[in-house]
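2 protein chains.
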Amino acid sequence: MDKNRLSLEMILSMERNHRRNFINDLSSFKSANLIGTVNFDGITNLAVFNSVVHIGANPPLMGFILRPTVVARQTYDNIKATGYFTINPITEKLRDRAHQTSAKYPEGISEFIMTGIKPEFSKSHPAPYVAESPFKIGLKIEEEQLIKANGCRLIIGRIIEVLIDDKLITPDGHIDLKKSKVLTISGLDTYSVVGKGQQLEYARPDC
Amino acid sequence: MDKNRLSLEMILSMERNHRRNFINDLSSFKSANLIGTVNFDGITNLAVFNSVVHIGANPPLMGFILRPTVVARQTYDNIKATGYFTINPITEKLRDRAHQTSAKYPEGISEFIMTGIKPEFSKSHPAPYVAESPFKIGLKIEEEQLIKANGCRLIIGRIIEVLIDDKLITPDGHIDLKKSKVLTISGLDTYSVVGKGQQLEYARPDC
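If you read the protein sequences in the order shown, they are chains A and B. The numbers in the working numbering rise by one with no breaks, and the one at position 167 of the first sequence is 167. The numbers in the working numbering rise by one with no breaks, and the one at position 82 of the second sequence is 82.
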């Protein structure tokens, strides 16, 4: 295949939306999650994130990238205020309502109400879960790292509980993501179903 | 669906491999990439990473999570030594050889040689690309953040060039990931093809 070279200068000279689409697609397929939080007045918030990553298994930690807080970032404010958040995978059935949470609703109105996504609460912490996500993770803020290059933050939470149907867990601890019907996101707004998967064996040198 | 609650205590008491599988699957489908680096002696290194994330479009930044450096981390050492790395998406055709790079080869032997993946070089920097990746990104180290909770690092690079066939770029700047045949990883070792995708429109309040 004939490869062409796009230099940094050529990338920086792209039209703004064109560049945003291009750069966001370079990271290929990403996790599709709704992050749930609540403020001190009990107003819940729900937002799509495509940047949830695994940080560690022991202690169990997950993180996500939060854009600069120059505009209102209710997710960040709520996590700072209450200390908790939830991660809820997006399924095909949830897709359209999940994406609709990215609309700019007036302050003080919950995305749960505006999109019709049903919240679910646990006795362990105040942050709302998405009732119909096939599994859901409750986290306590552990650490945040400010990225100097552009003002984004890596937010890291310690897992305090997981709500999941036992039937989705295989005997060796894996979650049946195919049965869970979890989607993947590419770019900012393209949601895809995932097809056939192949688990490969632990790689050993064959020399 | 009946949800069961797994508390932190229950998660911590899981058998080690069971917990690792479970926690790694909680982040669902992740990006599948090979990161290429080189040391001062010209020995190239190639390693699978499932944690590449988008950091920003302007300046164009991408990042990935690197495990603690208590054991040899050639990727990290090479980036620190030379300042550059490449990100190369994994396709179905590359899958088995890409996974094989995770085998513990003796020091001083390149994964490119051991797995038969062909490197490709650019005049702009010394880090090796994967020749047959449908597109490939050259980055200069910009910043690193040490995660206090478990000693992992977020490594952030500034994109300095992208090698890509023009035919993979749509008129609005998107990369045709379907045509590129890029896979997604779940857990540590399951590679899946991605099926039908749906791009959703910019969400606006409909109230």
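Mixed in with the good hints there might be a few duds.
Stated by the list, open to error - List time: in silico DSS-like cross-link candidates among lysine-lysine, alpha-carbon distance up to 25 Å:
(1) Lys181/A - Lys178/B
(2) Lys148/A - Lys140/B
(3) Lys148/B - Lys93/B
(4) Lys140/B - Lys196/A
(5) Lys196/B - Lys178/A
(6) Lys181/B - Lys148/B
(7) Lys167/A - Lys80/A
(8) Lys178/A - Lys148/A
(9) Lys148/A - Lys181/B
(10) Lys179/A - Lys123/B
(11) Lys181/A - Lys196/B
(12) Lys80/B - Lys196/A
(13) Lys118/B - Lys148/A
(14) Lys80/B - Lys167/B
(15) Lys140/B - Lys178/A
(16) Lys196/A - Lys179/B
(17) Lys179/B - Lys178/A
(18) Lys93/B - Lys178/B
(19) Lys148/B - Lys123/B
(20) Lys196/B - Lys93/A
(21) Lys178/B - Lys93/A
(22) Lys196/A - Lys123/B
(23) Lys178/A - Lys93/B
(24) Lys178/B - Lys196/A
(25) Lys80/A - Lys118/A
(26) Lys167/A - Lys196/A
(27) Lys148/B - Lys167/B
(28) Lys80/A - Lys179/B
(29) Lys148/B - Lys179/A
(30) Lys196/B - Lys140/B
(31) Lys80/B - Lys179/A
(32) Lys167/B - Lys179/B
(33) Lys178/B - Lys140/A
(34) Lys178/A - Lys123/A
(35) Lys181/A - Lys80/B
(36) Lys178/A - Lys167/B
(37) Lys123/B - Lys181/A
Hints listed in this document are in silico derivations from the structure and should not be mistaken for laboratory results. None of these values were measured; they are calculated from a predicted model.
Results for each hint:
1. Lys181/A - Lys178/B: Since the Cα atoms of lysine 181/A and lysine 178/B sit roughly 19 Å apart, the hinted pair holds (cutoff 25 Å).
2. Lys148/A - Lys140/B: Roughly 15 Å separates the two Cα atoms, so the pair holds.
3. Lys148/B - Lys93/B: Answer violated: lysine 148/B to lysine 93/B is near 38 Å, above 25 Å.
4. Lys140/B - Lys196/A: violated (35 Å)
5. Lys196/B - Lys178/A: holds (14 Å)
6. Lys181/B - Lys148/B: violated (37 Å)
7. Lys167/A - Lys80/A: Given that 25 Å is the threshold and the Cα spacing comes to 35 Å, the pair is violated.
8. Lys178/A - Lys148/A: Violated, because 38 Å separates the two Cα atoms, which is more than 25 Å.
9. Lys148/A - Lys181/B: violated (34 Å)
10. Lys179/A - Lys123/B: violated (46 Å)
11. Lys181/A - Lys196/B: At roughly 13 Å apart (the allowed maximum being 25 Å), lysine 196/B and lysine 181/A satisfy the hint.
12. Lys80/B - Lys196/A: violated (38 Å)
13. Lys118/B - Lys148/A: Distance ~35 Å between lysine 118/B and lysine 148/A Cα, so the pair is violated.
14. Lys80/B - Lys167/B: violated (35 Å)
15. Lys140/B - Lys178/A: Judged against 25 Å, a Cα distance of about 37 Å means the pair is violated.
16. Lys196/A - Lys179/B: holds (17 Å)
17. Lys179/B - Lys178/A: Holds - the C-alpha atoms of lysine 178/A and lysine 179/B are around 22 Å apart, at most 25 Å.
18. Lys93/B - Lys178/B: holds (14 Å)
19. Lys148/B - Lys123/B: It is violated: about 37 Å lies between the C-alpha atoms, which goes past 25 Å.
20. Lys196/B - Lys93/A: Holds: lysine 196/B and lysine 93/A sit about 14 Å apart, inside 25 Å.
21. Lys178/B - Lys93/A: holds (22 Å)
22. Lys196/A - Lys123/B: Violated: lysine 196/A and lysine 123/B sit about 38 Å apart, past 25 Å.
23. Lys178/A - Lys93/B: holds (22 Å)
24. Lys178/B - Lys196/A: Roughly 14 Å separates the two Cα atoms, so the pair holds.
25. Lys80/A - Lys118/A: At roughly 24 Å apart (the allowed maximum being 25 Å), lysine 118/A and lysine 80/A satisfy the hint.
26. Lys167/A - Lys196/A: Roughly 20 Å between the alpha carbons, so the hint for lysine 167/A and lysine 196/A holds.
27. Lys148/B - Lys167/B: violated (43 Å)
28. Lys80/A - Lys179/B: violated (42 Å)
29. Lys148/B - Lys179/A: violated (35 Å)
30. Lys196/B - Lys140/B: With a Cα-Cα distance of about 34 Å, the restraint between lysine 196/B and lysine 140/B is violated, given a limit of 25 Å.
31. Lys80/B - Lys179/A: With Cα atoms ~42 Å apart, lysine 80/B and lysine 179/A exceed 25 Å; violated.
32. Lys167/B - Lys179/B: holds (10 Å)
33. Lys178/B - Lys140/A: violated (37 Å)
34. Lys178/A - Lys123/A: At roughly 29 Å apart (the allowed maximum being 25 Å), lysine 123/A and lysine 178/A break the hint.
35. Lys181/A - Lys80/B: The hint is violated at about 40 Å.
36. Lys178/A - Lys167/B: violated (31 Å)
37. Lys123/B - Lys181/A: Between lysine 123/B and lysine 181/A the Cα gap is close to 44 Å, so the pair fails against 25 Å, i.e. violated.
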